[in-house]
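Just so you know, the sequences run in chain order A and B. The working numbering applies: residue 14 is where the first sequence begins, and numbers increase by one. The working numbering applies: residue 511 is where the second sequence begins, and numbers increase by one.
Be aware that a few hints might be false.
Cβ pair distances, simulated, as ranges [claimed, not checked]: (1) B:L544 x A:G165: 54 to 60 Å; (2) B:G572 x A:K304: 44 to 50 Å; (3) B:N641 x A:K280: 25 to 31 Å; (4) B:N641 x A:G230: 29 to 35 Å; (5) B:K691 x A:V96: 34 to 40 Å; (6) A:V96 x B:E567: 50 to 56 Å; (7) B:G682 x A:N199: 41 to 47 Å.
Hints are computed from structural coordinates only; laboratory data are not their basis. Think of the CB as a built atom: it goes at the ideal place given N, C-alpha and C, for glycine as much as any other residue.
The primary structure of each chain is shown beneath.
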Amino acid sequence: MTTQKRSFLYSLWDFFASLKLSIILLILLAATSIIGTLIQQNRSPQEYQQMYGETLHRLFDLLNFYDMYHSWWFLALLGIFAVNLTTCSLKRLPRVWKQVFEPLTVADDAHYNSLSNRHELRVPLAPEAARDRLAPLFGEALAAPVTTEADGRIHLYAEKHPWSRFGVYVTHLSILIIFVGAIIGNLWGFKAFVSIEEGTSTDKVWTAGGQEPLDLGFTVRCDDFAVTYYDGTNRPKEYMSILNIIDNGEEVVSNRKVVVNDPLKYKGITFYQSSFGPAGNPQLNLEITDKASGEVREVTVTEGRHYPLSAGYSFAVTGYTDSYGQFGPAVEMHVNTPEGLHKAPFVVLKNFPGFGGKQDSPFSFALLDYQQKHYTGLQVKKDPGVWVVWLGCALLVLGSIAAFTLSHRRLWACIVPAGKGSKILLGGNAHRNQPAFALFFDDLKQRTNDAIKA
Amino acid sequence: MTSSLFFNITTIAYFAAMVLFIIYLVSRSRAVALAATGAVWAGFAANTLAIGLRWREAYALGFEQAPLSNLYESVVFFAWSIALCYLLMDFKYKQRAVGAFVIPFAFIFMIWAQLGLNAQIQPLVPALQSNWLTYHVITCFLGYAGFAVACGASIMYLLVIGREERKGDKQGLTGIFPSAKVLDDINYKAIMFGFPMLSLGIITGAAWANYAWGTYWSWDPKETWSLIIWFIYAAFLHARFTRGWVGRKAAWLSVIGFVATIFCYLGVNLLLAGLHSYGS
Chain A
14 MTTQKRSFLY SLWDFFASLK LSIILLILLA ATSIIGTLIQ QNRSPQEYQQ
64 MYGETLHRLF DLLNFYDMYH SWWFLALLGI FAVNLTTCSL KRLPRVWKQV
114 FEPLTVADDA HYNSLSNRHE LRVPLAPEAA RDRLAPLFGE ALAAPVTTEA
164 DGRIHLYAEK HPWSRFGVYV THLSILIIFV GAIIGNLWGF KAFVSIEEGT
214 STDKVWTAGG QEPLDLGFTV RCDDFAVTYY DGTNRPKEYM SILNIIDNGE
264 EVVSNRKVVV NDPLKYKGIT FYQSSFGPAG NPQLNLEITD KASGEVREVT
314 VTEGRHYPLS AGYSFAVTGY TDSYGQFGPA VEMHVNTPEG LHKAPFVVLK
364 NFPGFGGKQD SPFSFALLDY QQKHYTGLQV KKDPGVWVVW LGCALLVLGS
414 IAAFTLSHRR LWACIVPAGK GSKILLGGNA HRNQPAFALF FDDLKQRTND
464 AIKA
Chain B
511 MTSSLFFNIT TIAYFAAMVL FIIYLVSRSR AVALAATGAV WAGFAANTLA
561 IGLRWREAYA LGFEQAPLSN LYESVVFFAW SIALCYLLMD FKYKQRAVGA
611 FVIPFAFIFM IWAQLGLNAQ IQPLVPALQS NWLTYHVITC FLGYAGFAVA
661 CGASIMYLLV IGREERKGDK QGLTGIFPSA KVLDDINYKA IMFGFPMLSL
711 GIITGAAWAN YAWGTYWSWD PKETWSLIIW FIYAAFLHAR FTRGWVGRKA
761 AWLSVIGFVA TIFCYLGVNL LLAGLHSYGS
């Protein structure tokens, strides 16, 4: 490798390992993310044209503002962020690794001089006696110390929470894991939609933007759909579908109630209650009274067809509604005379049978009941990456809590024979929260002095 | 003994605390500071009691739901969270001047809830009928409250740093402020509390969305704004280790972060469309 090439790689490495780049990337991600919250995403070109006008629309389209979170430039920003995160961590990790796994158990004078928390005292005790008094103090403060004798000196070393140094790296790694989970979901998962009419079944679902339906490999049947409301209001309480799954001709899931916030999962594919609507025309039960004979009969009819009455008359229902103003369910209908004359249409209310409007025919009608079939709209999803995402989330929380609350505290002592007694060098260091460690160290100094005097 | 009585007491107590803290800045009387802190405690107690009573009132109406179901309930819970974070901070630092910059947030939210929002207890729509609602709302608002305290400390920092750099005398309202070093520490600690809470809030929201709708992330405006806040505070946390970003820039990031938080909480609901629009 030529020197020039090498120096280019070094400067590239330095560029990506810089904390300033991280800050700038985070601010850029925050700032650009705003765009997609102001411009509604993934609408039709017609809507955008109407909202922004031709020029602005073309500019926004060019900049991928209509699907910005999947645009090349936003994904590139996330990619650079991932590279920055990785290089920053790799650059700093080896030193931290050494500090955790190869602790400095024997510190020289230069090391003591480099510490901002240090203390020196002379004691009228032999080095071994001084060690025996000091070791329990280290044990109480952090952990039982490692003792090393070298060059006539006794060295003590104790530490607590060395692992907490990895907290920040676990946090960084967790973000990369979440990215991996999202990518797995995008590559091997799908999001689709299906609407199933009550009483029917399907084995195909439609992905967003997909030309061909997706084969589920099993069949889903919807037996029922219902909406319930809070008493006396039109505030919905529950949307419910009754689903069954038939796999290889065998009903493997029966009468499973699926509501919002309680989906059905089968073979890694999840079905979510998402929407509903009317399916086909309702079945209407009418009561027809022949005014002349007083004969009463019940019929079941659907909208838009003609049904015979006695004496050559016939009738048809031309409209149906759930709520006719505040009066509830109603049908609009008319009667045809034997001559084929289309008489004036009138409205029949289910809840107010007397209020039949003008029914100037030899028959009177009442709406007894109606059955409206529904379809249930189900969101269908498969995401094999979701567990990877949750693993990343768990590590993110644990890592950041460790990084914010735990601190790797270390204490060193060096006992040197001096005249009839000894000289003790005491030093300490924490990887974060220095003010708290300074108090801790002051307390240790005090206790060391007390222990020696005792 | 209804919840609304105690919500009114809460509002009055936070108002009294706010006024007393401002008097403290002028008078520098320790007795006033103590009275102000007492008023915060009283307000916090009333706030807690009121939320508890409202919970019971909802059950009495037959709605088995935590009082975190609509905008009114979230606003009074936000005020409660701010008071809680403030009191935790006060317990550790005893820097009473900070109250003048944090308690007004609690007061503004309470008075808005009492005068401007619909306090009727309503049953939950199907989309919100989940235990995730409770975890999600509590973690988010504790995070937001941490950021409120951090923002108050940052504003004070920006007011005091100029004087400290000029080595000016301790005259005027800023005379009684804690030192820039202490304010920076309060700012950092509050964000260290708020940031993991926000992360948990985003994660519980994602878990819930995945459970209820089948996608843990859909770039809905509310989700996106919570991520924007997360980016800003992540930048803040790294700024503290970076030359050229310590001090003023970090304090500004904290202030901008809280402005973004308020926008995420209210602006998104009131101005933008999305999955959380039923929150209003």
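Status of each hint after checking the structure:
no., hint, verdict
1, B:L544 x A:G165: 54 to 60 Å, "holds, 59 Å"
2, B:G572 x A:K304: 44 to 50 Å, "holds, 49 Å"
3, B:N641 x A:K280: 25 to 31 Å, "holds, 27 Å"
4, B:N641 x A:G230: 29 to 35 Å, "holds, 33 Å"
5, B:K691 x A:V96: 34 to 40 Å, "holds, 35 Å"
6, A:V96 x B:E567: 50 to 56 Å, "holds, 54 Å"
7, B:G682 x A:N199: 41 to 47 Å, "violated, 57 Å"
The structure shown violates just one earlier hint, number 7.
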